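**Student:** Given chain U, work out where chain C should sit, using these hints.
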Amino acid sequence: MSAFNLSEDQQDCLQELINVAMGQASDQLARYLDTFVHLRVPSIEQVSTTSLSNSLNQEQESVAVVSQGFLGYEGIRGEALLVYQHKDSDCIGNILGYEPDELSIEEQLIDLSSILTTTFLNVFAKQIDNQMSYNAPRLLSSGQDALAVYLQQLSFNCDMALKVKITYQVTDFSFNCDMILLIPESAIIHIKAVIDRILEDY
Amino acid sequence: MTSSVLICDDSNMARKQVVRSLPSHWPVEVQTAKNGLEALDILRSQAIDVLFLDLTMPELDGLGVLQKIQEEGISCSVFVISADVQPAMQVKVLELGATAFLRKPVEAETLMDELQVHGFL
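Chains U and C, in that order, are what the protein sequence lines are. Read the first sequence against UniProt numbering and you will find it ends at 202, with the numbers running on by one and no gaps. Read the second sequence against UniProt numbering and you will find it ends at 121, with the numbers running on by one and no gaps.
Same shape as in the complex, but just chain U:
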């Protein structure tokens, strides 16, 4: 059986852990932007890393992507991608209240992404009695080829990954960003073990 085949209960449990983490990350974002963040139900699906770069570019004509690797105990690891449409990334300075030339767009995107990623993953880790460490976030070159190359070069270099997609929608500013977590097959096995421990209590 593939590591990706989560049972209904395992998928439900993972979704609920994600909901709680997403809620606290959105609270941080709302406080940072002094506004309200609309949340949707997150999606969880299995993807090939080669198709991911294509889908990113199909879904959004052009995107800016900030990537940050994470590593916990018990073999839990993955990559968090924060995906911004260029129309949103270009106006991020206005949203954050920066003066022109105060901080580059790249630095602003990295700051915002780091807040979302670390808040989300710290809350997620706490729920499963784990603790995460992070690589430095970096802004990826835009363009389909560059994204594809990057995704192939990720440290875990897997063909398939579990993709968790969370959309943060800031309605006051018509600003959206997607957080995409890519969890490789080797880490899924460990996450399933943790989920099974949680489910034993229910």
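In short, the hints are calculated from the structure, not lab data. Note that this is a predicted model, so its numbers are computed, not measured. C-beta: ideal position from N, C-alpha, C; glycine also. Check each hint, because a few of them may be wrong.
[Stated by the list, open to error] According to the in silico footprint, chain C covers these stretches of chain U (three or more CB under 8 Å from chain C):
#, segment
1, 13 to 20
2, 165 to 177
[Said to hold, decoys possible] Taking lysine to any residue and the SDA-like style, the derived pairs with C-alpha atoms no more than 25 Å apart in a straight line are:
#, chain 1, residue 1, chain 2, residue 2
3, U, Lys87, U, Lys192
4, U, Lys126, C, Val19
5, U, Lys165, U, Val149
6, U, Lys126, C, Val106
7, U, Lys165, C, Ser11
8, U, Lys192, C, Phe120
9, C, Lys16, C, Ser3
10, C, Lys34, U, Glu200
11, U, Lys165, C, Ala88
**Tutor:** Below, chain C without anything else, positioned relative to chain U:
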């Protein structure tokens, strides 16, 4: 006297979490709903004393349920239990008539305190 309780959450685990957090000495009859539409069907067809309501759900979300409860004048105390802990959201649900807001994952002690504060225990 037994209270009729409805738990509305799209997550099976979250529904179980609420059930096991209910005070053991509180006599209740529990029903569950997987989304807002299912919850409204139950609320329209029978008297429910307490609704434990999630916010982020498919079909019809928790805010939609609160709006319908107000519009249709359905009598029921709503305890929102949500991961969406933004202060603005907490204000919003209270404005829409919710009795209380509790953050996920709900804890038995917190739930009991809120039920006591609002006169259910």
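**Student:** Checking each numbered hint in turn, tell me which of them this model violates, lowest number first.
**Tutor:** 2, 3 and 8
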